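K.L.:
Hey, can you work out the whole structure from these sequences and the hints?
There are 4 protein chains.
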Amino acid sequence: MTGNTFGTLFRVTTWGESHGVAVGSVVDGCPAGLELSETDIQRELDRRRPGQSDLTTPRVESDSVRILSGIFQGVTTGTPISMIVFNQDADSSKYERIADLLRPGHADYTYHERYGVRDYRGGGRASARETIGRVGAGAIAKKLLRTQSVEVLGHVAELGGIKAEKTPIGEIRSNTERNPVRCADTDAAKLMHNAVIEAKEDGESLGGIVEIIAIGVPPGVGEPVFKKLSAELAAGLMSIGAVKGVEIGTGFKAASMRGSEMNDPFEIRNGEIHTMTNNAGGILGGISTGEPIITRIAVKPTPSIAKPQRTVNIKRMKETDIIIEGRHDPAIPPRIVPVAEAMVALVLADHMIQSGFIHPTRLDRKPEKERKE
Amino acid sequence: MTGNTFGTLFRVTTWGESHGVAVGSVVDGCPAGLELSETDIQRELDRRRPGQSDLTTPRVESDSVRILSGIFQGVTTGTPISMIVFNQDADSSKYERIADLLRPGHADYTYHERYGVRDYRGGGRASARETIGRVGAGAIAKKLLRTQSVEVLGHVAELGGIKAEKTPIGEIRSNTERNPVRCADTDAAKLMHNAVIEAKEDGESLGGIVEIIAIGVPPGVGEPVFKKLSAELAAGLMSIGAVKGVEIGTGFKAASMRGSEMNDPFEIRNGEIHTMTNNAGGILGGISTGEPIITRIAVKPTPSIAKPQRTVNIKRMKETDIIIEGRHDPAIPPRIVPVAEAMVALVLADHMIQSGFIHPTRLDRKPEKERKE
Amino acid sequence: MTGNTFGTLFRVTTWGESHGVAVGSVVDGCPAGLELSETDIQRELDRRRPGQSDLTTPRVESDSVRILSGIFQGVTTGTPISMIVFNQDADSSKYERIADLLRPGHADYTYHERYGVRDYRGGGRASARETIGRVGAGAIAKKLLRTQSVEVLGHVAELGGIKAEKTPIGEIRSNTERNPVRCADTDAAKLMHNAVIEAKEDGESLGGIVEIIAIGVPPGVGEPVFKKLSAELAAGLMSIGAVKGVEIGTGFKAASMRGSEMNDPFEIRNGEIHTMTNNAGGILGGISTGEPIITRIAVKPTPSIAKPQRTVNIKRMKETDIIIEGRHDPAIPPRIVPVAEAMVALVLADHMIQSGFIHPTRLDRKPEKERKE
Amino acid sequence: MTGNTFGTLFRVTTWGESHGVAVGSVVDGCPAGLELSETDIQRELDRRRPGQSDLTTPRVESDSVRILSGIFQGVTTGTPISMIVFNQDADSSKYERIADLLRPGHADYTYHERYGVRDYRGGGRASARETIGRVGAGAIAKKLLRTQSVEVLGHVAELGGIKAEKTPIGEIRSNTERNPVRCADTDAAKLMHNAVIEAKEDGESLGGIVEIIAIGVPPGVGEPVFKKLSAELAAGLMSIGAVKGVEIGTGFKAASMRGSEMNDPFEIRNGEIHTMTNNAGGILGGISTGEPIITRIAVKPTPSIAKPQRTVNIKRMKETDIIIEGRHDPAIPPRIVPVAEAMVALVLADHMIQSGFIHPTRLDRKPEKERKE
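Protein sequence lines correspond, in order, to chains A, B, C and D.
Its first residue numbered 1, the first sequence is counted upward by one per residue in the working numbering.
Its first residue numbered 1, the second sequence is counted upward by one per residue in the working numbering.
Its first residue numbered 1, the third sequence is counted upward by one per residue in the working numbering.
Its first residue numbered 1, the fourth sequence is counted upward by one per residue in the working numbering.
In case anyone wonders, no lab produced these hints; they're calculated from the structure.
Predicted model only: the values in this text are computed from it and were never measured.
Careful, some of the hints might be misleading.
Identical copies look the same in the list; a pair holds intra-copy or inter-copy alike.
Claimed, not checked - Calculated lysine to any residue pairs in the SDA-like style (CA-CA distance at most 20 Å, straight line): (1) 163 - 92; (2) 143 - 357; (3) 318 - 177; (4) 253 - 165; (5) 190 - 322; (6) 163 - 187; (7) 200 - 39; (8) 163 - 314.
P.N.:
Given below as C-alpha cells:
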C-alpha cells in the first residue's frame with residue numbers, strides 16, 4: 001500500500017501540496033445512508049484553518065470545502081466521497097530564495113534524498129495543509145461514530161512546558177473551543193497563550209502535548225496482534241507531521257508503576273462489566289474495554305523559526321545560514337487538536353466496521369445482539 | 001487486512017496459542033539469495049526464550065525452530081519461509097480453575113467480548129508466546145539488513161523506575177547481552193536486577209523503558225504522509241503486548257523544547273550531509289535522515305502478579321477475588337528487547353525494499369547510483 | 001481494501017458519479033521525475049470520450065482533465081497525482097421517470113440491495129463514466145512504461161459476431177485508431193461498422209472481443225501464486241463494467257489442445273532465451289517470459305437498449321415494462337479499448353515496480369544488472 | 001501485498017515447496033464459533049490428493065493435515081488457523097538430471113529470471129502441491145458458507161475436446177464425485193476417461209474446462225468498481241497454475257449476443273425479485289443478484305509430457321532436447337475441481353463478511369434485517 005491512503009474498510013486517500021492548485025481527499029467505505037453535507041465538513045475544517053487567532057499563521061485561507069461525489073439527496077450512497085479545497089493565499093516568493101537550503105527540522109533533505117525532485121514551495125506535500133484532507137475525512141468518521149454514540153474529544157494538555165490540570169470530560173467538552181490554545185483548564189490556557197505570544201516575539205516556537213479521548217466505544221473493538229487498536233491509533237497519530245511520541249492510558253508513566261497499581265480491577269456496574277480505574281486507557285490486548293480510550297501525543301515545536309540557523313545549500317554543497325521568512329504558527333498544538341481527533345475518529349470508524357459494530361454497507365442495518373439471547 | 005499479518009513487501013504472518021500444538025510464522029517477500037539457516041533464527045529465539053535467568057518465567061521451553069520452506073541449498077529462494085516451534089511445557093491445569101475469571105490487565109475480557117469464545121489457557125493467542133513468530137521473522141529481517149550494513153540494537157533504558165545512564169553505541173553493543181536485565185549501564189543493571197528480585201518476592205511486577213537504535217539506515221527510507229517510517233515503527237512497537245507508549249528521538253521531551261533547541265542544524269561531514277544533533281531520532285517528514293533511528297517504548301508491569309486482585313466471574317456475573325498462579329516474568333523489559341528489535345527490523349527491511357534500497361526479488365541485484373553521475 | 005482502489009505500489013483510486021459534479025482519480029506511487037502534462041492525460045481521455053463518431057452516445061462531454069497535484073516544473077514529484085473532469089452534459093430528466101424500475105443487465109438491483117440508497121441518474125457510480133478515472137491513471141502508467149520501452153496496444157478483435165483476421169503488430173499499431181470501431185483489420189472494420197449501425201436502428205446492441213497486447217515487458221515481472229501477472233490482469237480487466245470473460249494467450253482454446261501443441265519450446269535468439277511460439281501469452285507461472293503479453297476480453301452487448309423489456313418496479317414490487325430512453329452506445333467495444341489498455345498498463349506499471357524493473361521512488365535510478373557481471 | 005496471501009477479511013497465506021519438508025497455509029479472519037475439525041479439511045484434501053485413480057500421478061501422498069492453532073474445544077476462536085501437511089514421497093532424483101533444462105510450459109525460466117535461484121525439484125513452489133494450502137483454506141471457507149446455506153459445486157464441463165451435456169444442479173451434485181474425471185454427464189465421463197488413458201499412452205496430455213457454481217449467495221454481495229465479485233473470482237481462479245481463461249455467466253458467448261438476448265429480465269417469484277434467465281451468471285455491476293454464480297475456467301494440458309521437447313540448457317546457454325520423467329497427471333481438470341471450488345469459496349466467504357452477511361468476528365451474531373421493518 002502506498003503512503004497516502006489510511007485505513008482498511010473505512011479509508012481515506014489524501015492528495016495536494018501547500019502551494020499547488022488544491023488539496024483534498026477521497027473517503028472510501030463510508031456506509032450508505034449517513035446524512036452528510038458540506039457544513040459537517042466545513043465545521044471541522046474551520047477548527048483547523050489558519051488565521052483563527054493571533055496565535056496562528058496569518059496565511060488567509062477560507063478553506064471552503066466542496067463535496068464532489070458520494071452524496072445523493074443528502075445522504076451517503078456508499079460510493080467514494082471526494083472533497084476538494086482550493087488553495088488561495090499561497091505566496092511562493094519567499095520560498096524561491098531558499099529553494100536550495102535545507103530547513104532544519106523540516107522534510108526538505110529527506111524528500112530530496114527520496115525523490116530527487118521536490119516542490120519546495122511551502123513544504124510541498126510535507127506541509128500542514130496536507131492535514132485538510134485528514135480533517136475532512138475525519139469529519140465524516142465523526143458523524144458516522146456519532147450514530148453509534150461515540151464521541152471524540154481533543155484538548156491541549158501541555159504547551160511550552162505549561163501543564164494543564166486534569167479536568168473532567170464535561171469541562172473538556174465545554175471549555176476547549178473557548179480559548180485559542182484549546183486548553184480545557186482555563187487558567188493554564190491564559191499562561192499558555194502568553195507563552196506563545198512571547199515565543200513568537202522571540203522568534204521562537206513551542207511544542208506541547210495533546211490528549212484525545214474517545215467516549216462510548218463498546219467493548220470488543222480492535223484486532224489483536226499487529227492491528228491492535230493501540231497500534232493503529234499510534235500509527236495514525238504518529239503520522240501527523242510534528243508528532244514525536246504517542247501514549248495510551250498511563251503511557252510512559254506505566255514504566256515506573258508496579259503491577260498492582262497498573263492493573264485495573266474489574267467490577268460490575270449497572271449490570272455491566274467495567275474496570276474500576278482506567279490505566280489501560282480503554283484498551284487491553286489491542287481491543288477496547290468499553291472504558292474511554294485515552295491517547296496523548298507529543299508535538300514538537302514548529303520547525304520554522306525566525307532565528308537564523310545553520311544549514312547546507314544542497315546545490316552548492318556548502319554550509320550556510322538560513323533565515324526562514326514564510327508565515328508560521330509559533331505553536332502547532334492548538335491546530336493539531338482537530339487533526340488528531342480526525343485520526344482517532346478514522347481509526348475508530350474503521351475498526352467499528354471491521355469489528356461488526358457498524359454495518360459495512362448500510363447504516364439502516366445493524367448487527368443484532370447475540371442469537372442466544 | 002486481518003490482524004495477524006504485518007508489513008507490505010516484506011511481511012510476516014504469525015499464528016499459534018500459548019498452550020496449543022505449536023506457534024510459528026510465515027515470512028513472505030524476502031528477496032532470493034540470502035544465506036539463511038535455522039541457526040540464524042535460533043540465536044534470536046534464544047534471547048527471547050523463557051528460563052534464561054532467575055528473572056524469567058520458569059516455564060521450560062527449548063523453543064527449537066524448524067524452517068519448513070523457502071530455503072534451498074542454504075539460501076532463500078524468494079518464496080515464503082515458514083517457521084515452526086512446538087510447544088512443550090504447557091501446563092494448562094492452573095488455568096482451568098480461573099477459566100471464568102477475568103485477569104486484570106490481561107486481554108481475557110476483551111477477547112471474550114470480541115469473539116464469544118476464547119482459549120483461556122495461558123492467555124491463548126494473547127500470550128507473549130505469540131512473539132516467537134515475530135522474533136523468528138525479525139531474525140530474517142536482521143540478516144537481510146546486515147547485507148546493507150544496517151544494525152538494530154535494543155537495550156533496557158529504565159526498569160522499575162531505575163534509569164540507566166546514557167551510554168555510547170559501543171557499550172550498548174558490548175554490555176547489553178552480558179547481564180540478565182539487558183541494560184548497557186552495568187551499574188544500573190545491578191540495581192535493576194535487585195529490584196526485580198525484590199518485586200518478585202513481593203508478589204509484584206515492574207515495568208520499564210526499552211530503547212531500540214538502528215544504525216546505518218541510508219537517507220531516503222520511508223513513505224511520507226500515512227506510512228511515515230515513524231508511524232510504521234509506532235504501529236509495530238505498539239503492537240507488542242505490554243507496550244503503552246512509543247517515542248522517536250527526543251519524543252515527549254520535545255513537547256517542552258523550543259524550536260531552536262529541537263531543530264537539528266545541517267552540516268557537511270566527510271562530503272556528506274548530516275545533522276549536528278539528532279533530536280529528530282533519524283526521521284524527518286517520515287523519511288530517514290541517515291542518522292541513527294532512535295525509538296523508545298514504555299513497557300507496563302507484567303499484569304500477572306501473585307497478589308490477590310478484584311475481578312469478575314464472567315459466567316456467574318459476580319465480583320470475586322483472583323489469585324494468579326501460573327509462571328510469569330516479574331519484569332518483561334529484558335525479554336521484550338529482542339521482540340522490539342524484531343519489530344524495528346521488520347519495519348526497516350520492508351521500507352528499504354519499498355524505498356528501492358534493497359531489490360525486491362534478488363539480492364544479487366541492487367539499485368544503481370543516480371544515472372547522471 | 002475497499003473497492004475503489006487498484007494496485008499495490010502504483011495505485012489508483014477513482015471516484016465520481018455519472019450525473020454528479022465531477023469524476024476523477026488519484027494516482028499514488030508514481031516515481032518522481034516523470035515528465036507529465038495534462039496533454040498526456042487528455043490524449044487518452046479523448047479516445048474514451050463520448051461523441052467520437054456516429055457509433056457512440058451523443059452525450060456531449062469535452063472531458064477536459066485538470067491535474068491538481070503531484071506535478072512540479074513539468075515532472076512528477078512522487079506525491080499523489082489528483083485528476084478531475086467536471087461533468088457537463090448530464091441530463092437526469094430521463095432517469096426520474098424510471099427511478100424505481102430495475103434496468104435489466106444494469107446494476108440497479110444489486111446496488112439497491114447492497115446500499116439501500118442509490119443515485120439512479122445515469123447509472124450513478126456504475127456508469128461507464130467511472131472509467132475516466134481509470135483512463136487518466138492509465139495514461140500515467142503508459143507514460144511510465146514507455147520509459148522502459150513497454151507499449152500497450154488494444155484493438156477490437158470481434159464485434160457483433162464479426163471476427164477480424166489476425167493482423168501483425170504493425171498493422172494493429174497503424175490501423176486501429178483509423179476507424180471508429182478500432183479494428184486493425186480494415187475490411188472487418190467496415191462490416192462491424194455497418195453491423196453497429198444496423199443494431200442501433202433496430203433498437204439493439206452488440207458485444208465483442210477486445211485484445212490487448214503488451215510488448216517489451218522483460219522476463220521476470222509478476223508475483224507467483226496469488227498475485228500472478230495473469231491473475232492481476234484478469235482482475236483488472238474483469239473489473240471493467242461489461243466484461244464477462246478474460247483469457248491469456250490461447251485462452252479457452254487451450255482446453256482442447258494437447259500438451260505438445262500448447263507448450264512453447266525454448267530457443268536461443270540473438271543470445272537471449274525466447275519461446276518459439278507464444279501460446280502462453282507471455283506468462284508462465286504468473287511471471288512474464290519476455291514475449292508479448294496477450295489478453296482478450298469478452299464484452300457483453302450494452303444493456304441499455306431501445307426495445308421494451310420486462311422488469312420490476314422495486315418500490316411497488318410489481319412487474320412492468322421498461323423503455324430506456326437515455327443516450328447510449330449501441331456497442332461498447334471500441335470505447336472499451338482505451339479502458340482495457342489502461343487496466344493492463346496499470347497492472348504492468350505496478351508489477352514492474354514490484355519486480356524491481358522500475359525504481360519505486362526515482363526514475364533517475366534504475367536497478368543495475370547482476371552484480372557478478 | 002506480497003503474492004502468497006489472498007483475501008481481505010478472510011485471508012489465506014500458503015507456503016511450501018513440492019519437495020520441501022511440508023506444505024501448508026494459515027487462515028486468518030475466520031469468525032469465532034465455527035465447529036471445525038481436521039476431518040473437515042481432510043475430506044477436501046482427499047479430493048485433491050494424487051493417486052486417486054489411474055488418471056492421476058502415482059506419487060503416493062497421504063496428505064494428512066494437522067491443525068496447529070485457532071481451534072479450541074472443537075470451534076474456531078477467531079485466531080489464525082495454521083494447517084500443515086508433511087511431504088512424504090518426494091523423489092528428487094529425476095530432477096537433478098534436468099536441473100539446468102527449462103521445461104516448456106513450466107515456470108522454470110520465469111522463476112530463474114525473477115529470483116536468480118530456484119528449487120528445481122518437482123517445480124518447487126510452482127508445483128501443484130502449492131494448492132494443498134488453498135484447498136485446506138477452502139474447506140474452512142466452505143464450512144463457513146454452509147452456515148449461510150451457500151454451496152459451491154465444481155465439475156468438469158469439457159475434457160480433451162469432449163464436451164459434457166448441460167446437467168441440472170441435482171445431477172452435478174450426485175454424479176460428479178462418482179467418476180474419476182469428475183464429470184456430471186456420465187456418458188461424456190466415459191469418453192473423457194478413455195481420452196485421458198489414450199493421451200497418457202501416447203505420451204501426451206489434455207486440457208479442459210471446469211465449471212464452478214455457487215448456490216445460495218444472497219443479493220448484495222461484492223464490492224463495485226475494482227473489487228467486483230467477478231474481478232475477485234477472476235483473480236482467484238486465474239491464480240491457479242494451469243488456468244488460461246475465466247468467464248462468468250455466458251462469458252465469451254456474450255460477445256456475439258444482442259442486448260435483448262443477453263439481458264436477464266426481472267420478475268417477482270415467491271415475493272422476491274429474480275431474473276428470468278441467468279446470462280449474467282449471478283453478478284451485475286460486480287455485485288451478486290441472488291441467482292447462482294456461475295464461473296468457468298480454461299485449463300491447459302499438463303505441461304509435463306513424455307515426448308521429447310526442444311529447450312535450452314540455461315547454464316550452458318545451449319539448445320537441447322528434454323525428456324521429462326517425473327510422475328504427472330495426463331489431465332489436470334479432475335483434480336483442479338476441488339482447487340477451483342476452494343478459490344470460489346474463499347472469495348465468497350471474504351465478500352460475505354465484507355458485505356455484512358457474516359459477522360466478522362462472531363458466528364453467534366448476525367446482521368439483523370432492515371431497521372425499518
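K.L.:
Against each hint, give a clear statement of whether it holds in the structure.
P.N.:
Status of each hint after checking the structure:
For a Cα distance limit of 20 Å, the shortest separation of residue 163 from residue 92 qualifies neither inside one copy, at 37 Å, nor across copies, at 48 Å. Proximity of residue 143 and residue 357 under a CA criterion of 20 Å is satisfied intra-copy only: 15 Å inside one chain copy versus 24 Å between copies. Within a single copy, residue 318 and residue 177 get their C-alpha atoms no closer than 46 Å, and across copies no closer than 42 Å, so neither meets the 20 Å cut-off. In the homo-oligomer, the alpha carbons of residue 253 and residue 165 lie at most 20 Å apart both inside one protomer (17 Å) and across protomers (19 Å), since each shortest distance falls under that limit.
With identical chains, the CA atoms of residue 190 and residue 322 are never at most 20 Å apart, being 33 Å at best within one copy and 48 Å at best between copies. With identical chains, the CA atoms of residue 163 and residue 187 are at most 20 Å apart within one copy only, with a shortest distance of 10 Å there and 34 Å across copies. In the homo-oligomer, the alpha carbons of residue 200 and residue 39 never lie at most 20 Å apart, since the shortest distance is 33 Å inside one protomer and 46 Å across protomers. In the homo-oligomer, the alpha carbons of residue 163 and residue 314 never lie at most 20 Å apart, since the shortest distance is 40 Å inside one protomer and 40 Å across protomers.
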